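Numbered per my numbering, the sequence shown finishes at 338, counting up by one with no gaps.
Think of the hints as simulated: they come from the structure by calculation, not from any bench.
Remember, predicted model here, so these are calculated numbers, not experimental data.
Every residue, glycine too, gets a C-beta built ideally from N, C-alpha and C.
Treat the hints loosely; a few may be bogus.
To be verified - Distance ranges between label pairs, derived from CB positions:
hint, residue 1, residue 2, range
1, Phe-291, Asn-311, 16 to 22 Å
2, Phe-288, Ile-319, 21 to 27 Å
3, Thr-317, Phe-288, 17 to 23 Å
4, Phe-318, Phe-291, 27 to 33 Å
5, Ser-303, Met-323, 26 to 32 Å
6, Lys-296, Tyr-324, 38 to 44 Å
7, Phe-291, Lys-313, 17 to 23 Å
8, Lys-313, His-292, 16 to 22 Å
9, Met-323, Gln-300, 32 to 38 Å
10, Arg-314, His-292, 21 to 27 Å
11, Phe-291, Tyr-316, 24 to 30 Å
12, Phe-291, Asp-321, 31 to 37 Å
13, Arg-294, Tyr-324, 41 to 47 Å
14, Val-293, Tyr-324, 34 to 40 Å
Claimed, not checked - Okay, derived cross-link-like pairs now, SDA-like style, lysine to any residue, Cα gap no bigger than 25 Å in a straight line:
hint, residue 1, residue 2
15, Lys-322, Asn-311
16, Lys-296, Tyr-306
17, Lys-313, Gln-300
18, Lys-313, Tyr-324
19, Lys-296, Asn-311
20, Lys-313, Gly-298
21, Lys-313, His-292
22, Lys-296, Leu-315
23, Lys-313, Arg-290
24, Lys-296, Cys-308
25, Lys-322, Ile-312
26, Lys-296, Leu-320
27, Lys-322, Glu-302
28, Lys-322, Val-301
29, Lys-313, Val-299
30, Lys-322, Ser-303
31, Lys-296, His-310
32, Lys-313, Met-323
33, Lys-322, His-292
34, Lys-296, Asp-307
35, Lys-313, Ser-303
36, Lys-322, Cys-308
37, Lys-296, Thr-309
38, Lys-296, Tyr-324
39, Lys-313, Glu-302
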Amino acid sequence: FGDRKHNHRFRRFHVRGKEGVQVESGLYDCTHNIKRLYTFILDKMYKPPTIMVLLGSENG
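Model the full structure from these sequences, guided by the hints.
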């Protein structure tokens, strides 16, 4: 919850009631996980394998 408040400027829920808060919180959690997965996939796709980096630096 601290990450939401500090890094994403989350100050309050926009709905009333326990069910609405659970839905809003769940939506935030889903988008957060999608962003993390997207970043993880991009890192794997565009980073060369470590062995190639090591071999390239020795020969260059």
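Q.
Hint compliance check: list the failing hint numbers for this structure, sorted ascending.
A. 22, 26, 27, 28, 30, 33 and 38
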